[in-house]
Structure formats: C-alpha cells, structure tokens
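A.B. asks: Sequence lines, in order, name chains W and G.
At position 246 of the first sequence (counting the first as 1) the number is 246 in my numbering, and the numbers step up by one without a gap.
At position 226 of the second sequence (counting the first as 1) the number is 226 in my numbering, and the numbers step up by one without a gap.
Think of the hints as simulated: they come from the structure by calculation, not from any bench.
None of these values were measured; they are calculated from a predicted model.
Warning: the hint list may mix true and false statements.
No more than 27 Å apart at the CA atoms, straight line, and that leaves these computed lysine-lysine pairs for DSS-like [said to hold, decoys possible]:
| id | chain 1 | residue 1 | chain 2 | residue 2 |
| --- | --- | --- | --- | --- |
| 1 | G | K58 | W | K224 |
| 2 | W | K133 | G | K202 |
| 3 | W | K103 | W | K34 |
| 4 | G | K58 | G | K202 |
| 5 | W | K133 | G | K84 |
| 6 | W | K217 | G | K58 |
| 7 | W | K3 | W | K133 |
| 8 | W | K133 | G | K36 |
| 9 | G | K36 | G | K248 |
| 10 | G | K58 | G | K216 |
| 11 | W | K169 | W | K3 |
| 12 | W | K217 | W | K3 |
| 13 | G | K92 | G | K202 |
| 14 | W | K34 | G | K120 |
| 15 | W | K64 | W | K169 |
| 16 | G | K84 | G | K58 |
| 17 | W | K184 | W | K169 |
| 18 | G | K92 | G | K58 |
| 19 | G | K36 | G | K84 |
| 20 | G | K229 | W | K217 |
| 21 | G | K248 | G | K202 |
| 22 | G | K58 | G | K229 |
| 23 | W | K103 | W | K217 |
| 24 | G | K4 | G | K92 |
| 25 | W | K64 | W | K184 |
| 26 | G | K84 | W | K34 |
| 27 | W | K133 | G | K58 |
Part of the chain W face toward chain G, derived, beta carbon under 7 Å [unchecked claim]:
| id | residue |
| --- | --- |
| 28 | T118 |
| 29 | D122 |
| 30 | V126 |
| 31 | T129 |
Computed from the model, here is a short list of chain G residues facing chain W with C-beta under 8 Å [said to hold, decoys possible]:
| id | residue |
| --- | --- |
| 32 | L63 |
| 33 | K84 |
| 34 | R87 |
| 35 | L91 |
| 36 | F97 |
| 37 | N122 |
Glycine is no exception: its CB is placed at the ideal position from the N, C-alpha and C atoms.
Chain by chain, the residues:
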Amino acid sequence: MGKKFSNLLLEFARLHRFLMRFFREMVTPPFEFKEFIRQCYEIGWRSFPLISLTGFIVGFVFTKQSRPSLEEFGASSWLPAMISIAIVRALAPLVTALIASGKVGSQIGAELSSMNVTEQIDAMEVSGTNPHKFLIATRILATTTMIPILTFYVAGIGLFGGYLSIISKDQLSMLSFFTQVFDKIGFVDVFAMVIRSVVFGFTIGFISTYVGYYSSKGTEGVGKAANSAVVASMFAVFIEELLIVQVLSLFS
Amino acid sequence: MSNKNVYIDYDDCVIHVNDVSKSFGNLHVLRNVDLKLYNGENLVVLGRSGTGKSVLIKLISGLLMPDSGDINVLGQVVNHLDEKALRLLRLKIGFSFQNSALYDSMTVRENLEFPLVRNKRNLTRMEIDREVEEVLEGVGLLQTINQMPSELSGGQRKRIGIARTLILRPDIMLYDEPTAGLDPITCLDINGLINDVQERYKTSSIIITHDLACAKMVGDRMVMLLDGKFERQGTFDEIFATDDVRVKPFYDYNFIV
Ligand SMILES: Nc1ncnc2c1ncn2[C@@H]1O[C@H](COP(=O)(O)OP(=O)(O)OP(=O)(O)O)[C@@H](O)[C@H]1O
Ligand SMILES: [Mg+2]
Chain W
1 MGKKFSNLLL
11 EFARLHRFLM
21 RFFREMVTPP
31 FEFKEFIRQC
41 YEIGWRSFPL
51 ISLTGFIVGF
61 VFTKQSRPSL
71 EEFGASSWLP
81 AMISIAIVRA
91 LAPLVTALIA
101 SGKVGSQIGA
111 ELSSMNVTEQ
121 IDAMEVSGTN
131 PHKFLIATRI
141 LATTTMIPIL
151 TFYVAGIGLF
161 GGYLSIISKD
171 QLSMLSFFTQ
181 VFDKIGFVDV
191 FAMVIRSVVF
201 GFTIGFISTY
211 VGYYSSKGTE
221 GVGKAANSAV
231 VASMFAVFIE
241 ELLIVQVLSL
251 FS
Chain G
1 MSNKNVYIDY
11 DDCVIHVNDV
21 SKSFGNLHVL
31 RNVDLKLYNG
41 ENLVVLGRSG
51 TGKSVLIKLI
61 SGLLMPDSGD
71 INVLGQVVNH
81 LDEKALRLLR
91 LKIGFSFQNS
101 ALYDSMTVRE
111 NLEFPLVRNK
121 RNLTRMEIDR
131 EVEEVLEGVG
141 LLQTINQMPS
151 ELSGGQRKRI
161 GIARTLILRP
171 DIMLYDEPTA
181 GLDPITCLDI
191 NGLINDVQER
201 YKTSSIIITH
211 DLACAKMVGD
221 RMVMLLDGKF
231 ERQGTFDEIF
241 ATDDVRVKPF
251 YDYNFIV
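This is chain W alone, in the form it adopts within the complex (with noise of 0.2 Å):
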C-alpha cells in the first residue's frame, strides 16, 4: 500500500519534469520546423480519410435518429437547429478527440516506444539531437494544432451529413438549413469548441508521447505503450471533457 503510493507519487513527479521540459523546449531555440510540418502531416492529414467518414456518419445517423422524437412535438424544423448545436458543442470536438485518441494516440506510443526500446533515442541524443525537441514537443505541438482544425472539419462535414439526412425527407435548400445553423451558434460556442479541441490535442499529444517515451524495454513494452497511450487519452479526454462542462455552465 504504501510502496503502491509512492509509486503513485514518483510517477506524478515524472509526469510533471516531462511537461515542464515541454514548455522549456517550447521556448529556447532552435525549433525543429521541418519536424512540425512533418508530424502535422503524419497527424492531420493521414488522419483526413477516417475523420471524413466518421464525421459524415456521425452527422447524418444522429439526425436521423433525432427526428423522430422532434417530429412527435411537431417539430421537425427545428432539426438544422438542434443538429448545430450538438454538433458545435459537444460531438465534433468528442468524436474528433476520441478518433484522434485511438489513430495518433496508438501511432504516437508505438513509435516512440519501439524507438525507445531499439535504442534510437538514445542514439539520437548520443549523436546531439535532443530527442525533447525533436521527437516529443514536435508531435505535442502538431497534435495541439491540427486536432482543432480536425474538429472544424469534422463540425462541418457533419453538418453537412446532418443536412443530406434532412433533404432525405425534407424540401431544404443548402443555403436555408446553413442559415438556421449559424443562427443558432455563437461566438462563445465557436470559443468554446476551440478551447476544447486545443485542451484535447494537447492531452492526446502529451499522454502518448509520454507513454511511448517511458516505455518499458522489450517488444511487449511497444504493444503496451500503444495500448495505454489509447486507453489514457481517452479516458483524460472524458475527464476534461466533464470539467469543461462543467466551467461553461457557470458562464451561461
């Protein structure tokens, strides 16, 4: 029990060197530039294909499943409403965060850790490269940057599934359903999605490269580090997720 806690207490103590020494590399030069654009790459646009189509379904199916009950008020036209705001306030940056979770959060663990575990970083910093700079705050910074525009993209795609869902039964046109949209959205929404999705990239991007750089050494330690690095950020995206209602409750 006590040897459990203060296992507890030293990994806390780690977690917390690992992120300072994110933000003190954040801030000294040199950048690793090329690197950014490169894992910005790896993670938002590889990650385009899977986020296209989970956004549309969600879109779509959520509508789907939502007219019925709003048909039974007799308020079927209030659907474009409705779909905006479960869609900008809660599903885009959830499926975003938690697709992300599970496609870079395992990419992230797996391949820092099978690096830790051959070797390489070691070799990396032995040949003067600081493995901080290059390998961990690079994919913070590109998971913090492109999981929001994921969000906008997938806010909209869905949208946008949400509105073939509708003129599958209903005479709309694009321009009236898009109207009714952003009637319903404002600025604070907007805000608020961003703060989410950025508060979300940056845990998937800290939780994963912490887990794959940690790794134990042997094979097993790559499946395990790509495994946890899932299964926490997704978990911490819940948490925060729950938090951040929480908070904007008190400004509404």
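Keeping the supplied structure of chain W fixed, place chain G with the ligands upon it in accordance with the hints.
C.D. replies: Showing chain G with the ligands alone in chain W's frame:
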C-alpha cells in the same frame, strides 16, 4: 593485435572513470570502479551479461549519470556539464549500440545524413552526399545506400551503425558488443573494421564484448568487469593466466569446449 599500425600515447588519458558507482534501486551495478582509456588504444571490456558493461559506456556518454564519482572525457567532467557542453562533447564520441539502433523510418542514406545535417548546418547538399558516400564506402556498404534498415542483415546493420557514428569524425568510439549475434565470418569482418577505424580515424575505443576472438583481435589492452569492479586487466594472455572460477570459463568456452 600485433600487426596493427597504431600509436598509443600512454601519457594521454582520454577517458578517466574515477571511483564511479551506479545502482538502480537496490541493484548495485558498478561499485567504485576506475578505468582509463589512453589516446589511440583499443580497450576491451569483458564481463558477463548483466554486469553493467552497457551501463558503463552509457555513463561515459552521459546517457546515465553516476551516483558518485566523476567521469572525465577529453578533459571534461561529463557528469558536471550543462546540456550544451554535453551536446558538444558527445559529437566527439561515437556510440555503436548493441542492436545498431538504426532509425527504422529512414533509409540508410538518411540515417547517415541525420547527425551530419543536424550538427553541421552549413554543409551543402553535395558535401553531405560526398561525406555519406565516403563513410559508407569505408564500411563496404555503398550499395545499400537507398535501402531501409529492415532490409539489411544483422552484420550490415552493425556496420551502418558504425558508419553513422564515424560520419561526425569522433575522437572516441564506444562499441557495445559489436559481434553479438553474428556468424564467425561476419565477426571477422567487424573486427577488421574496428581495427581499420582505429588506424584510419585515429580513434581511441572501448569495445565491450564477451567474444574472446574479438577481444584478442582488436584489443590492445583488456579489463574484466567482475562483481561490479574491474578486477583483472592487462593483455589477453595476462588476463587468462588464472584459475579464478569467474574468469576461466570465459576462456574455456571460447577455445577449449
Ligand atoms: N535504465 C535502467 N534502469 C534500471 N536498471 C537498469 C537500467 N539499465 C541497466 N539496468 C540494470 O543494470 C544491470 C546491468 O545492465 P547492462 O545493460 O549494463 O548489462 P550488460 O553488462 O551490458 O549485459 P549484456 O551483456 O546482457 O548486454 C542489469 O541488471 C540491468 O537490468
Ligand atoms: Mg549490454
């Protein structure tokens, strides 16, 4: 070991491990060890698995920090250097890892370029290519330049790993079990390469191994790590002129059984 054309300066100590201890939790790996590497020599470190040989050279390259004692490399105390000074010192130390540690997302060319591009930012494309090809030629693997590490054999990977460290023209080379897991003929190749590097690049090297043929071929001097200390040292024959049950089996296994 006799027909090498090298000059060893026994007045110039390039690495001095001074009274160093290192433990992990309750595991005392190194206890107050002392070790000197002289300019131009190949020093072989022998020892059983798990005795801390890899830990020793990780301490020398600053990947690990000692619990006590000092490690002096080329006149600088590794464990007291700040990050920048350590980075500069490391450029003078080549580290050949136990499992080669090639970057497996990069081609052979990119692997070799990596240290060069990142540490000498003013080189032109042509200069980089020339350097890469020259070192690769030196280890006899120019034809693999566009291959991925996963397509190479263990011996080839080892040589590419050595080439990658040579590209920065280090003064000191650290080889972690250069012949482990290779067939005898490839081992001979690698041993030849280690001697070749010593002659051509005028390096001082520490070679960690439990392959006695390798030790005999490349070592100018040998030390043996036993129970966390360097207890025996000298030439090959001096080391094994003993009945110590911790030493004799090494010899017997390699040459008698
Ligand atoms: N970073 C570390 N954390 C905890 N223990 C470690 C660490 N590095 C090494 N050890 C332990 O130190 C001991 C010596 O390890 P080392 O890798 O130096 O052995 P070695 O002599 O190189 O053996 P081998 O011939 O198998 O490579 C081992 O018991 C190992 O478990
Ligand atoms: Mg070892």
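A.B. asks: Taking the hints in turn, state whether each one holds.
C.D. replies: Comparing the hints with the structure gives:
1. G/K58 / W/K224: This hinted pair holds, its Cα atoms lying about 26 Å apart.
2. W/K133 / G/K202: 33 Å, violated
3. W/K103 / W/K34: With Cα atoms ~22 Å apart, W/K103 and W/K34 stay inside 27 Å; holds.
4. G/K58 / G/K202: Holds, because 22 Å separates the two Cα atoms, which is no more than 27 Å.
5. W/K133 / G/K84: 14 Å, holds
6. W/K217 / G/K58: Holds, at about 16 Å.
7. W/K3 / W/K133: 33 Å, violated
8. W/K133 / G/K36: 34 Å, violated
9. G/K36 / G/K248: 24 Å, holds
10. G/K58 / G/K216: 24 Å, holds
11. W/K169 / W/K3: At roughly 62 Å apart (the allowed maximum being 27 Å), W/K3 and W/K169 break the hint.
12. W/K217 / W/K3: Roughly 22 Å between the alpha carbons, so the hint for W/K217 and W/K3 holds.
13. G/K92 / G/K202: OK: G/K92 and G/K202 at ~12 Å, within 27 Å.
14. W/K34 / G/K120: Satisfied, since the Cα-Cα distance of roughly 16 Å is no more than 27 Å.
15. W/K64 / W/K169: Roughly 10 Å separates the two Cα atoms, so the pair holds.
16. G/K84 / G/K58: With a Cα-Cα distance of about 18 Å, the restraint between G/K84 and G/K58 holds, given a limit of 27 Å.
17. W/K184 / W/K169: The hint holds at about 22 Å.
18. G/K92 / G/K58: This hinted pair holds, its Cα atoms lying about 15 Å apart.
19. G/K36 / G/K84: 25 Å, holds
20. G/K229 / W/K217: 26 Å, holds
21. G/K248 / G/K202: Violated, at roughly 33 Å.
22. G/K58 / G/K229: It holds: about 16 Å lies between the C-alpha atoms, which stays within 27 Å.
23. W/K103 / W/K217: 23 Å, holds
24. G/K4 / G/K92: Holds, at about 23 Å.
25. W/K64 / W/K184: Holds, at about 20 Å.
26. G/K84 / W/K34: The hint holds at about 22 Å.
27. W/K133 / G/K58: 21 Å, holds
28. T118: 6 Å, holds
29. D122: 6 Å, holds
30. V126: 5 Å, holds
31. T129: This hint holds: W/T129 lies near chain G, its Cβ roughly 5 Å from the closest one there, short of 7 Å.
32. L63: 6 Å, holds
33. K84: 10 Å, violated
34. R87: 5 Å, holds
35. L91: Interface hint status for G/L91: holds (5 Å vs cutoff 8 Å).
36. F97: 5 Å, holds
37. N122: 14 Å, violated
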